[in-house]
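These are the residues of each chain, in order.
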Amino acid sequence: MVRLSDLTFGYKNQPTLFNGLDLQLEAGHIYGLLGKNGVGKTTLLKNMIGLCYPTSGQATLGGVDVTKRRPDLLSQVFFLPEEPFIPDMTAKTFLKTISPFYPNFDRLQFQRYQDDFEVPLERVLTKLSLGQQKKFMVAFGLACRTALLVMDEPTNGLDIPSKVQFRKVLAAAVDDERCVVLSTHQVRDLDSLIDSVVVLHDGQIKLHISLDRLTERIRFGKILGTSNETLLYGEEAFDGVHAILSNPEGIASRPDLELLFNAVISNSAVISDYLTTEAKQ
Amino acid sequence: MNNVFSLNRFLLLARGHFKKNLKTYVVSCLVFAGVTFGLFYLLISSKRAEVVTAGDQFAIYVIVIYGGLFIFSASIFQPFQHARERIFQLLLPASRFEKFLLAWLVSLVGYTACANGIFFVARYGVLQYYMLKGYEVSAFPGYSWLLHQKDGETLAAMFGMIYVFIHAFALVGSMIFRKIAVLKASFLLLLVLAGYWIFIGTLFKTLFPQVATTASLLPFTPLHITNEGTSYTVAISGWLYWLLALSLVIIGLLWLAAYHKLREKEA
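Line by line, the protein sequences give chains A and B. FYI, UniProt numbering numbers position 180 of the first sequence as 180, with every residue one higher than the one before it. FYI, UniProt numbering numbers position 171 of the second sequence as 171, with every residue one higher than the one before it.
The following block holds chain A by itself, in its conformation from the complex (with noise of 0.2 angstroms):
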């Protein structure tokens, strides 16, 4: 569905981010961007819809080159960045206007979203809470069920039953036809809610595998004391050692991203090599 290629970007004046750039995502998924801090998240995320152009290469949607921004295409996208623009009108004039540039808009879906996040329709956008304004977009952007979603820090500004309130309706909202790509720094937030990780750092793609896949190959644990287990990565806690291991019974564990993630940009040579070559695999 997503297919960047061979993309290279760079902001005017500034050393280029991304070089040579290879990332395919398919429907059906709900992707994780993990990256540190100004490390190009939001600007992948840009190319990715068209709001960047790629000082070379090519990123496309559906095979149509996103740069074109063709309203077929913008129809099919849906982006909310960390801080969405939110006008000065009320919640159903909101929906009265822009709602008929989505031809699949689910108004029944969206009044089921707005319930569960109980966001007021007769106010003006711009009075309610950063949190209800972003629960609205998301809320929004959810019924329009374009065939991509893509979400920059969507639970920043949320309060803690809100994220919870998140995780299960975008995890109901998603099917086979949608690709959802979700960018966030705060991993916990969404370790439960995605089903691959993408890890961008220095400019590569570190990392693109399903967590399936995953955790064939790896195993998540800790360990205390010593342990004859093939350690690939571990930082040391209070309780022990959380580590990720090799996993060649393929037993079942549940993925840290968080401990994955640093693993990934650790440049841990070790797990590195490993997840690169497993991935490819």
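Derived from the structure by calculation, the hints contain no laboratory data. Since the structure is predicted, the reported quantities are computational estimates derived from the model, not experimental observations. No false leads were slipped in.
In silico EDC-like links for lysine to aspartate or glutamate, alpha-carbon gap of 16 angstroms or less:
hint : chain 1 : residue 1 : chain 2 : residue 2
1    : A       : Lys163    : A       : Asp191
2    : B       : Lys19     : A       : Asp88
3    : A       : Lys68     : B       : Glu266
4    : A       : Lys168    : A       : Asp115
5    : A       : Lys12     : B       : Glu266
6    : A       : Lys36     : A       : Glu153
7    : A       : Lys92     : A       : Glu122
8    : A       : Lys163    : A       : Glu153
9    : A       : Lys36     : A       : Asp202
10   : B       : Lys133    : B       : Glu50
11   : A       : Lys68     : B       : Glu264
12   : A       : Lys163    : A       : Asp116
13   : B       : Lys20     : A       : Asp88
14   : B       : Lys23     : A       : Asp88
15   : A       : Lys12     : B       : Glu264
16   : A       : Lys168    : A       : Asp195
17   : A       : Lys163    : A       : Glu82
18   : A       : Lys168    : A       : Asp116
If you want the footprint, here are the derived chain A segments under chain B, 3+ residues with CB under 8 angstroms:
hint : region
19   : 51 to 65
20   : 98 to 109
Even for Gly, the Cβ is constructed at its ideal location relative to N, Cα and C.
Given the coordinates of chain A, assemble chain B onto it according to the supplied hints.
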């Protein structure tokens, strides 16, 4: 789906634009009316004679309508300049042509209709007041009045061209400048005009150092030369049409430049 222009989509875009900007436009209309009232009051009260001449009214008309056009047009693409709103505008599922066309129509056609309407309502109110006070009030100098002036046809064409040129220039300014676009665009316009006048004036004086002239320094316009007490006029036939054609080309290029800037806009 037509990806260049769809009437249905364009109407949706227009509806969205007016719903979003309704309050701003109402306030702008009130400010425009207030400025018109203010200028009439200032001009009339600064004169000793109790008359409101056609020339006075025309001067105020030119100031508010042309000035307003520049300010309004230089602001029309500002939503594309604000970091958050730019993303929303660029990703709104309408073509770039539709977005540009809407801005073009609103700033040129829409503004002209509204501004003229408000001006004449405001003028009617002010002049009724001064007529009741016993002032002698002339009729508004319309298009036919302009045509009856010396070189009236040329004047009318020039006023029209300047109006459209201001629009085109301000539209480009609106696309280029992220902040305080009105001020920056007006400064740029000043620089361009001053640069042109200095360059052409210097060039002319260098080429004809001994000749006293009264020239507009605009391309294709007649040149009046006085040399040893004898006056000459050098003019090419149909110069006005050449000038209009050149102006149209420049205006067209400016509109294209604004459209191109919109096409390449990034967030």
